[in-house]
Structure formats: C-alpha cells, structure tokens
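Peer 1: Chain by chain, the residues:
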Amino acid sequence: MIRFDQVSKTYPNQNRPALRDISLEIERGEFVFVIGSSGSGKSTFMRLILREERPSTGRVYVAGKDLSKLSNWKIPQLRRQIGTVFQDFRLLPNKTVEQNVAFALEVIGKSRPTIGKAVPEVLDLVGLGGKGGRFPNELSGGEQQRVAIARAFVNRPMVLIADEPTGNLDPETSVGIMKLLDRINRAGTTVVMVTHDQAIVNQMRRRVLELDGGNLVRDQSRGVYGYVR
Amino acid sequence: MRAQFVFSEIFVGLRRNLTMTIAVVVSAAVALGMLGVALLMVFQTSQMKDFWYDKVEVSVFLCTKTDQTLHPTTCSGGQVTDTQMTALQTDLTGNPLVQQVFPETQAEAFAHYKDQAKGSPVTEYVTPDQIPASLRVKLKNPSTENIDALRSTYQGQQGVEEVADQKTILKPLFKLFSGLTVSASTVAVVMVGLALMLIVNTVRLSAFSRRRETGIMRLVGASNFYIRLPFLMEGAVAGLGGVAVAALGVASFKFFLIDRVLAPSFTFTSFVGWDKVLLTVLILVPVGLLMAVGASALSLRKYLKV
Ligand SMILES: Nc1ncnc2c1ncn2[C@@H]1O[C@H](COP(=O)(O)OP(=O)(O)OP(=O)(O)O)[C@@H](O)[C@H]1O
Ligand SMILES: [Mg+2]
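So the sequence lines, in the order shown, correspond to chains A and B.
Using my numbering, the first residue of the first sequence is number 23, and each one after it goes up by one.
Using my numbering, the first residue of the second sequence is number 153, and each one after it goes up by one.
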C-alpha cells in the first residue's frame with residue numbers, strides 16, 4: 023500500500039536531512055505506529071505520503087503509484103484516497119459538525135444525495151449520532167477529534183494518516199479515539215499513526231517504526247514503545 | 153461542482169474584505185475609464201480623418217442673402233449666383249494646386265449643421281439660407297504657402313464671402329484629442345498598475361483569511377481549480393464592477409463633454425456616436441476581466457500553495 027524506496031529528505035537551506043535513506047513497506051490493512059523524539063522526522067514521513075513534500079532522493083509509492091511521477095493535477099486524486107487527522111483537529115469553527123464533514127465531500131464534487139446519506143452514517147460510526155447540529159466549540163476535545171476522523175473517513179479512503187491524534191487529549195479520551203481507529207483499521211483501512219503516547223503503543227501491540235534523527239532505527243511488528251536495543 | 157457553494161464563497165470573500173474590494177473596484181474603474189476615454193479619442197481621431205470635411209484644407213464660403221449686411225465688404229454683390237458658383241468651381245478645379253473640389257449647397261450644409269449641433273438650442277433659430285454654400289478644396293500639397301496662395305487668389309472674388317484655412321481651424325481639435333489620448337493612456341497605465349497591485353494584495357489577504365478552509369480542501373483532495381475558483385470569481389466580480397463604473401464614466405464623457413461642449417462649438421466636424429461608446433465598453437469588459445482574473449491567478453500561484 024505504501025512503499026518507501028531509499029528515501030531521503032533534506033529541506034531547503036538545511037544541512038541535516040530530516041529523513042535519511044528510508045526503505046520500508048506498509049501492507050494493505052496494516053496498523054502502523056511511527057514513534058521517535060521531537061524532530062526525528064515523523065511528520066516529514068507523513069507529508070511525503072501525502073505528497074505535500076517531495077523526497078530529495080528515492081521514491082515513495084502509494085497504492086502502487088510512484089508519487090514522483092504523479093503530475094500536479096493528479097495530487098487531489100491521491101489525497102482523496104488518504105484520510106488525514108491531526109493533533110489540532112482542524113475543524114471549521116463556523117460550521118456545524120455535519121457541515122464540517124459534508125464540506126469534505128462538497129469540495130470534491132459529491133452530489134447532495136450522496137452527502138446526505140454518507141454524513142449521518144459516518145457520524146454514527148464515530149459515535150457522534152445526534153450531535154451533528156453542534157458547533158466545534160460546543161464539543162469536547164475527544165468529540166472534536168471524532169469529527170475530524172469522521173471527515174477523514176467519510177470518503178472511505180484506503181489509507182488513514184494520523185499525526186499525533188491523541189496529542190491534545192487526556193488518556194481516557196485517547197483510549198476512545200484508539201478504539202475508533204482500531205475499528206476503522208479492522209474494516210480494512212490501512213492506518214499510519216504518529217504518537218508520543220507510550221501507553222497506547224504498548225497496549226495495541228502493532229507494528230512500530232521508530233525514527234531517530236531521520237534514520238529508521240527500528241521496524242518491529244507487535245512492538246512496544248520503550249524497546250531496549 | 154456545486155454552483156451555490158461557489159457563489160456563497162465568493163460573496164463571503166468579497167464582504168470580508170469590503171474595503172479592499174471597494175479599493176479594487178475604484179482603481180479598476182479609474183484605470184478602465186481612462187482606457188475607455190483614450191479608446192474613444194482614438195476612434196474620434198480616426199473618424200475625423202475618414203470624414204471628407206476634415207480632409208479638405210481650404211473652404212471657400214460663398215455669400216448668402218444675409219451676408220450683404222453682415223459682410224458688406226466681401227459680399228456687396230448679394231447672394232452668390234449659380235453662374236458665379238459654377239465659374240469658381242471650374243476655376244478651382246483647373247488650379248494646379250488643387251487636387252479635388254467638393255461643392256456643398258446651402259441645403260446640404262444646413263443638414264450637416266443640424267446633424268452636428270443636435271440637441272443644441274441654437275439650431276431652432278438657424279434657417280438654411282443663413283448657412284453658406286461652399287466649395288471645399290483638397291490641395292495636392294497642403295503647405296502653408298499653398299494655402300495662402302489659394303486664399304489670396306480667391307479672397308475678394310465675386311460671390312466669395314471668405315476663404316477659410318480649414319487645416320488651421322482643425323489643428324487645435326486634433327491637438328486636443330491627441331493630448332487627451334496621451335494623458336488618458338498615461339493615467340490608465342499607472343492606474344492599471346495600481347489596480348493590479350491592489351488585486352494581488354486583496355487576493356493574498358483573502359487567501360490568508362481563508363487558509364483554514366483551503367488547507368482542509370487541499371487535504372481532502374479538492375482540485376486546484378475548485379480551491380481557486382472562488383478567488384478567481386472574486387477577482388472577476390470586482391473587475392466587472394470596475395467595468396460597470398468605467399462604462400458610466402465613458403458615457404458621461406460622451407454625454408457631457410463631447411455632446412454638450414465640443415459638438416456645439418466645432419460644428420464643422422463630426423464626433424463619435426453612441427455606437428463607439430458601446431464598442432469601447434465592449435472592449436473594456438474583457439480587458440477588465442483579464443486584468444482582474446489574471447492578477448488573481450498570479451497572486452494565487454504565489455500565495456495559495458496546493
Ligand atoms: N518546512 C520545513 N522547513 C525546514 N525544515 C523543516 C521543515 N519541516 C521540518 N523541518 C525540520 O525537519 C526535521 C524533522 O521535522 P519533523 O516535523 O518531521 O519532526 P517530527 O518528528 O514530526 O517532530 P515532532 O514530534 O516535534 O512533531 C526537524 O529538524 C525540523 O526542524
Ligand atoms: Mg510532527
């Protein structure tokens with residue numbers, strides 16, 4: 023589903039690469055944690071998958087497609103197949119929960135009936151049935167993140183990318199979000215999640231990729247956070 | 153694509169930056185208005201050059217009935233006779249300096265005068281026998297010496313009221329129009345530059361104030377076109393607003409300056425009609441749109457990452 027082939031990334035005017043010679047493959051339906059200290063290159067890794075950045079050397083493949091060969095006008099097609107969730111939710115404050123989710127479908131040109139059907143469905147799925155008319159500031163952080171996940175998932179993407187989705191949430195709320203991501207994963211969506219949360223990684227026992235200073239220092243299936251080398 | 157969605161976005165955007173929108177419309181209007189006036193003057197000049205009246209260099213005005221009292225020195229013999237007129241015409245045609253002679257009867261001259269001074273209240277008191285018949289003369293070489301030579305030959309002949317140097321009369325008018333063209337285009341160029349900068353800046357502000365929306369649109373895979381369309385349409389609406397105001401400006405230029413001031417004072421030449429005003433506005437529409445949409449697109453390339 024996602025393949026990195028000797029990928030290095032150095033940002034302009036930086037002498038130290040943010041990622042160095044990364045090669046790995048993530049299969050369809052996998053759940054992968056990306057961990058590492060701050061500045062180790064986790065977000066850069068995610069941005070390469072979204073083609074928000076291009077690798078300096080090497081190739082990134084998503085769903086069999088070489089992203090370096092992807093022309094600019096096809097990038098939106100790629101992003102429609104990838105759902106994204108961030109630490110800061112990124113909801114539109116002047117739109118209701120329903121409108122926030124519907125927005126994602128409107129702007130890719132889905133028809134009104136399709137939207138009318140898909141939005142309540144996905145809100146039920148994330149456990150927000152009945153709260154569709156609320157505004158983001160009328161929701162708890164955990165609920166806001168559920169809206170963001172609903173928006174990322176409403177178009178049924180093949181891959182869900184989450185950059186510290188529980189970073190702003192308390193442990194209990196985080197567990198709820200993890201259960202939701204796990205459910206989405208079990209339904210067949212590949213999930214890649216960046217986290218600093220040891221407890222979550224240790225509980226889930228899924229594949230762990232650890233970055234350190236831009237190097238991939240660990241790729242372990244059913245891994246834990248505090249792995250002693 | 154959902155039209156309603158796009159339109160609501162446009163008006164939200166225009167309202168949000170209302171002061172900037174007004175600045176854009178006003179500067180675009182001034183730029184386009186000046187461009188319109190310059191265009192109108194170009195039409196005017198070319199029309200004057202096409203009109204045979206303005207090709208002639210010398211007009212030999214013949215005596216009218218009333219000239220016996222009005223110009224007793226030159227028209228002591230009373231109204232010009234047919235014989236005198238034919239003789240003068242034959243003589244002029246045979247003159248080596250002359251290329252062509254266009255005779256104009258009193259009736260023709262009156263019709264032309266009426267046409268020119270349309271709307272001016274003086275026309276009511278003017279009758280055909282007050283307007284002189286004339287022989288309009290095109291010279292082979294319209295130099296000042298030749299014009300003077302012709303004048304000294306025919307001034308004072310029987311039936312000739314006055315030999316007028318048409319070229320000298322028209323010169324200030326041509327000068328006025330070319331001056332207007334130059335100054336209007338200069339202002340237009342400066343204002344177009346200003347309008348472009350304002351549009352670029354407005355779109356930049358607009359893109360900045362909507363970066364949340366556009367960021368999400370990008371992430372969920374909205375096409376570049378879809379993300380940019382509201383901004384481009386904002387530009388287009390502002391540009392069309394500018395065209396509308398400019399059209400009013402050009403129309404008032406025609407209505408007040410040309411029809412009320414110039415036409416009554418320069419009755420011997422013709423002025424651009426409303427058809428040319430319409431043509432000018434029709435030219436301004438694509439120019440305004442191109443200006444606004446082009447500047448918006450340029451600004452988006454720079455300030456709206458996709
Ligand atoms: N746009 C950018 N321009 C220049 N350098 C950047 C840019 N983005 C990231 N970097 C640098 O690249 C390195 C990796 O950054 P990245 O954001 O991938 O780290 P991270 O692992 O996500 O960190 P965190 O856990 O704090 O989010 C850092 O040294 C950072 O300073
Ligand atoms: Mg990060």
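Since the hints were derived computationally from the structure, they do not count as laboratory data.
Every residue, glycine too, gets a C-beta built ideally from N, C-alpha and C.
A couple of the hints might just be wrong.
What the hints assert, rightly or not - Which stretches of chain A does chain B cover? Using the computed rule of at least three CB atoms under 8 Å from a CB of chain B, they are:
no.	segment
1	92-102
2	154-166
What the hints assert, rightly or not - A few chain A positions that, by computed beta-carbon distances, are all more than 12 Å from chain B:
no.	residue
3	R38
4	S45
5	L72
6	L114
7	P142
8	N177
9	P193
10	K201
11	D219
12	V239
13	S243
Peer 1: Please go over all the hints and tell whether each is borne out by the structure.
Peer 2: Evaluation of the provided hints:
no.: 1; hint: 92-102; verdict: holds (count 8)
no.: 2; hint: 154-166; verdict: violated (count 0)
no.: 3; hint: R38; verdict: holds, 24 Å
no.: 4; hint: S45; verdict: holds, 27 Å
no.: 5; hint: L72; verdict: violated, 8 Å
no.: 6; hint: L114; verdict: violated, 6 Å
no.: 7; hint: P142; verdict: holds, 18 Å
no.: 8; hint: N177; verdict: violated, 7 Å
no.: 9; hint: P193; verdict: holds, 27 Å
no.: 10; hint: K201; verdict: holds, 24 Å
no.: 11; hint: D219; verdict: holds, 23 Å
no.: 12; hint: V239; verdict: holds, 29 Å
no.: 13; hint: S243; verdict: holds, 29 Å
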